[in-house]
Amino acid sequence: MAIEKVLYQTQATSTGGREGHSVSEDGVLDVTLSSPKELGGKGGNGTNPEQLFAAGYSACFLSAMQLIAFREKVALSTNTKVTGKVGIGPLGDGFGIQVELVIDIPGADSSVAQSIVEKAHQVCPYSNATRGNVDVTLTIA
Numbered sequence: 114m115a116i117e118k119v120l121y122q123t124q125a126t127s128t129g130g131r132e133g134h135s136v137s138e139d140g141v142l143d144v145t146l147s148s149p150k151e152l153g154g155k156g157g158n159g160t161n162p163e164q165l166f167a168a169g170y171s172a173c174f175l176s177a178m179q180l181i182a183f184r185e186k187v188a189l190s191t192n193t194k195v196t197g198k199v200g201i202g203p204l205g206d207g208f209g210i211q212v213e214l215v216i217d218i219p220g221a222d223s224s225v226a227q228s229i230v231e232k233a234h235q236v237c238p239y240s241n242a243t244r245g246n247v248d249v250t251l252t253i254a
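One rule links them: number in my numbering = place in the sequence shown (from 1) + 113.
Hints were generated in silico from the structure; no laboratory data involved.
The reader is advised that the hints may include incorrect statements.
Said to hold, decoys possible - Quick list of in silico lysine-lysine cross-link-like pairs, DSS-like style, CA-CA up to 25 Å: (1) Lys198 x Lys150; (2) Lys118 x Lys232; (3) Lys186 x Lys232; (4) Lys232 x Lys198; (5) Lys194 x Lys232; (6) Lys155 x Lys198.
Taking the hints into account, I'd like the entire structure generated from these sequences.
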């Protein structure tokens with residue numbers, strides 16, 4: 114399904130695969146990649162695609178929560194946080210990922226928190242991209 118109108122577009126280029134390098138077109142993102150030992154790599158000081166996905170999804174989901182809270186005139190604590198946990202493992206002949214988002218909304222009523230999280234899951238671009246393709250668990254801490 115195509116989006117109605119592209120509001121922002123960026124790009125990043127990677128070389129060397131999991132033991133390589135990735136840089137965004139503007140140079141703001143410029144990271145060394147290293148494969149974790151659990152996947153047969155050397156480990157090291159670089160990041161990996163799973164960490165980047167966890168960071169992107171958690172940030173995007175928190176923004177979606179802020180949008181919903183704004184629309185519904187609900188104040189979210191400035192200490193609200195979303196922790197993305199991304200796992201990778203065998204899936205048939207290839208590999209797949211799974212995601213858990215752990216959401217902490219300090220001081221929020223549990224029913225309000227649940228409503229915000231459910232609605233955010235419907236508007237978040239990462240949630241929409243993964244829906245039906247990736248197991249995503251939403252855990253309210």
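Verification of the supplied hints:
| no. | hint | in the structure |
| --- | --- | --- |
| 1 | Lys198 x Lys150 | 18 Å, holds |
| 2 | Lys118 x Lys232 | 22 Å, holds |
| 3 | Lys186 x Lys232 | 14 Å, holds |
| 4 | Lys232 x Lys198 | 20 Å, holds |
| 5 | Lys194 x Lys232 | 16 Å, holds |
| 6 | Lys155 x Lys198 | 21 Å, holds |
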